[in-house]
Amino acid sequence: MQEAAKKGAAAAPKGRIEIDFERCKACELCVPACPKNCIEMGRRINAGGFAAAVFARPEDCTGCAICAESCPDVCIEVWR
Amino acid sequence: MTDRGKDRFTKKVYARPKSLVDVKSHFCPGCHHGIAHRILAETIDHFGLREQTVGVACVGCAVFLYDYIDVDVAEAPHGRAPAVATGVKRAQPDKFVFTYQGDGDLAAIGTSEVIHAANRGENITVLFVNNTTYGMTGGQMAPTTMLGQKTSTSPYGRDFRKDGYPIKMAELLATLEGTAYSARVATSTPAQIRKAKEAVKKAFEMQIKEMGFSIVEFLSTCPTNWGMKPLDAQKRVLGEMSEYFPLGVYKERKQADFL
Amino acid sequence: MNVAARVEQRVFMKGNEAICVGAIAAGCRFYYGYPITPQNDIPEYMSAHLPTIGGTFLQAESEVATINFILGTSASGKRVMTSSSGPGISLMQEGLSYMAGSELPAVVVNISRSGPGLGGIAPSQGDYFQAVKCGGHGGYRMPVLAPHSVQEMYSLAMLAFDLADKYRNPAMILGDAIVGQMKEPFTQTPYVPTVSQEKPWALTGCAGRPRQHVKSLYLKDNAIEVHNWKLHRKYLKMQEEEVRYEDYHLDGAKIAVVAFGTAARVSKTAIQWARREGIAAGMLRPITLFPFPGAQLEEIAKRVDVLLVIEMNTGQMLEDVKASTTFHDKIRFLGKPCAMPTPEEIHGELRKLAGRGR
Numbered sequence: 847m848q849e850a851a852k853k854g855a856a857a858a859p860k861g862r863i864e865i866d867f868e869r870c871k872a873c874e875l876c877v878p879a880c881p882k883n884c885i886e887m888g889r890r891i892n893a894g895g896f897a898a899a900v901f902a903r904p905e906d907c908t909g910c911a912i913c914a915e916s917c918p919d920v921c922i923e924v925w926r
Numbered sequence: 031m032t033d034r035g036k037d038r039f040t041k042k043v044y045a046r047p048k049s050l051v052d053v054k055s056h057f058c059p060g061c062h063h064g065i066a067h068r069i070l071a072e073t074i075d076h077f078g079l080r081e082q083t084v085g086v087a088c089v090g091c092a093v094f095l096y097d098y099i100d101v102d103v104a105e106a107p108h109g110r111a112p113a114v115a116t117g118v119k120r121a122q123p124d125k126f127v128f129t130y131q132g133d134g135d136l137a138a139i140g141t142s143e144v145i146h147a148a149n150r151g152e153n154i155t156v157l158f159v160n161n162t163t164y165g166m167t168g169g170q171m172a173p174t175t176m177l178g179q180k181t182s183t184s185p186y187g188r189d190f191r192k193d194g195y196p197i198k199m200a201e202l203l204a205t206l207e208g209t210a211y212s213a214r215v216a217t218s219t220p221a222q223i224r225k226a227k228e229a230v231k232k233a234f235e236m237q238i239k240e241m242g243f244s245i246v247e248f249l250s251t252c253p254t255n256w257g258m259k260p261l262d263a264q265k266r267v268l269g270e271m272s273e274y275f276p277l278g279v280y281k282e283r284k285q286a287d288f289l
Numbered sequence: 014m015n016v017a018a019r020v021e022q023r024v025f026m027k028g029n030e031a032i033c034v035g036a037i038a039a040g041c042r043f044y045y046g047y048p049i050t051p052q053n054d055i056p057e058y059m060s061a062h063l064p065t066i067g068g069t070f071l072q073a074e075s076e077v078a079t080i081n082f083i084l085g086t087s088a089s090g091k092r093v094m095t096s097s098s099g100p101g102i103s104l105m106q107e108g109l110s111y112m113a114g115s116e117l118p119a120v121v122v123n124i125s126r127s128g129p130g131l132g133g134i135a136p137s138q139g140d141y142f143q144a145v146k147c148g149g150h151g152g153y154r155m156p157v158l159a160p161h162s163v164q165e166m167y168s169l170a171m172l173a174f175d176l177a178d179k180y181r182n183p184a185m186i187l188g189d190a191i192v193g194q195m196k197e198p199f200t201q202t203p204y205v206p207t208v209s210q211e212k213p214w215a216l217t218g219c220a221g222r223p224r225q226h227v228k229s230l231y232l233k234d235n236a237i238e239v240h241n242w243k244l245h246r247k248y249l250k251m252q253e254e255e256v257r258y259e260d261y262h263l264d265g266a267k268i269a270v271v272a273f274g275t276a277a278r279v280s281k282t283a284i285q286w287a288r289r290e291g292i293a294a295g296m297l298r299p300i301t302l303f304p305f306p307g308a309q310l311e312e313i314a315k316r317v318d319v320l321l322v323i324e325m326n327t328g329q330m331l332e333d334v335k336a337s338t339t340f341h342d343k344i345r346f347l348g349k350p351c352a353m354p355t356p357e358e359i360h361g362e363l364r365k366l367a368g369r370g371r
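Residue numbers (this note's numbering), protein chains in the order written: chain R, 847 to 926; chain U, 31 to 289; chain D, 14 to 371.
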């Protein structure tokens, strides 16, 4: 945790994603796709019964959109 | 959802393609049909073809193409999509015509139709999604099922002495004179997804330039019927499936020189 | 001014070719097919003529592919035709069911041969059940027209296109080797459309409108039931509006032949001979096999002593005759499964029924 905080302080995030909580089917494909490990599986269950992925470490996001391209349900939007 | 991100980062660099209808898909978690659909929609948008396109849906999980891709779509009987597409293209040569077919549809019941459409050099584009099983009917053995793979109709594993070998459609269709473009891609890593998109673009270009038949085979996953977690299913594609079904471009016509 | 429109040309042609002339007159510019005897004159004529008028002829790899080419071109909003014979029509049943379910018009010609299986190429009416009851899955109907002359091969081809468009449904012409291969003069009457050819449902790209689909899959609750009743109402409308038949000397007749196509053509000669001898014979000739002129048949059954059903099979339309009338004791049957009955045979039967010696 401390390390992540340090990294976040050193370099400001270059982008941001939004994961559509209701559309996510918790397939986890976006998790290893993110080169900065910004995404984790969440605990909250959506209406479909899935524990949707969450944008856990926004401080490292570069807005590269690789997560969005890997998502079979097209539920990630990316801003830079 | 927080709006903070939008405030700081105002340029949307990734959003749902225009030709992909804004609805939740019926596909199982981790199924790569969603990725192939998105690539298809992005490519339609890239070439600005949405209003000039007629798609042909197959029988199987991909039949609901018309719920997701915002273009006119005809539904073909099982395996007959290339024949239906032929009828559409001959009647409307100015339209962009594609089929979207699974491996049971294209590589089993529809082999005759796809081989002859390719051999005629029919100016259509085929997106072929190979997940080595009949997904919609409950994971039965397909002609693409790997040797040893257990399915609901090969419970002891596919045995070549009984069931023959997994059929390699991209290679087979590349041997035909009428085929302008044949490639096999996968969508299990970000790099593969980018390459897949390039292949689909190439296939579209072949039709736009009237070069003849084009096909892109996707190595896809079926986590549900394979009994695997989506990430393990991707590992299977990267491992044994890619070994038997090598990725690559098997044919690419450089100019419209029909011999 | 169009020459064809000004002068009603008298031409001498094979029945199979007359179908092509009628189809082209009705605006058909797309033909797909696969070779099979005894209908090859149709693809041969179309392959020679369609390219010269901006049309498209394409030979498919099978009848399975053919009917799906047809499906695609019909979905594009164009008039399109195919032809085949029994075994090939069998292979088209899947596509015909899909087209009926997807509400797609097209004209399908069956110049039938004798079966089952590879059977023979002799003229036969053994495909009556397949055509009239519809051989594909799921329960659907289609108009079935039965020409008995080259003139009708021409005119019913034009009608078939109108019926297909009117009902958004495949329409079939059921002939055989005799009406197909026979050459005789016919009058090339101009095509007068009876339906609009506007097809706003066609898949032409979604420019300026929402996307639309041609499909037959209905999975949502109750949707397939709603769709089936909608199709059924169409079939009822066909039965109300499309019954066509010929009344041949039925006025005062005591023996009514019931026959279609080639069997009816031959029966006419025998009836003429019988009438010269004072035998009160006539004929009800169904021109539409579906819808079947059942009500007309029942009216005639009331008046006559005998209904002589003549078919080039072992009794298929016979079942529709029985279903249409309560006078089953008046029904007699003359069947020739793999050959044309001769006028002499039919004449002999009429004499026998009239109580005359040979």
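For the record, the hints were derived by calculation from the structure and aren't laboratory data.
Heads up, a few of these hints could be off.
Here are the computed distance ranges between Cβ atoms for each label pair [what the hints assert, rightly or not]: (1) R:Ile891 x U:Asn149: 50 to 60 Å; (2) R:Glu905 x U:Phe190: 38 to 48 Å; (3) R:Gly895 x D:Trp214: 51 to 61 Å; (4) U:Glu207 x R:Ile891: 46 to 56 Å.
Idealized CB from N, CA, C, for every residue including glycine.
Would you pick out the hints that fail for this structure and give their numbers low to high?
Failing hints, ascending: 2 and 3.
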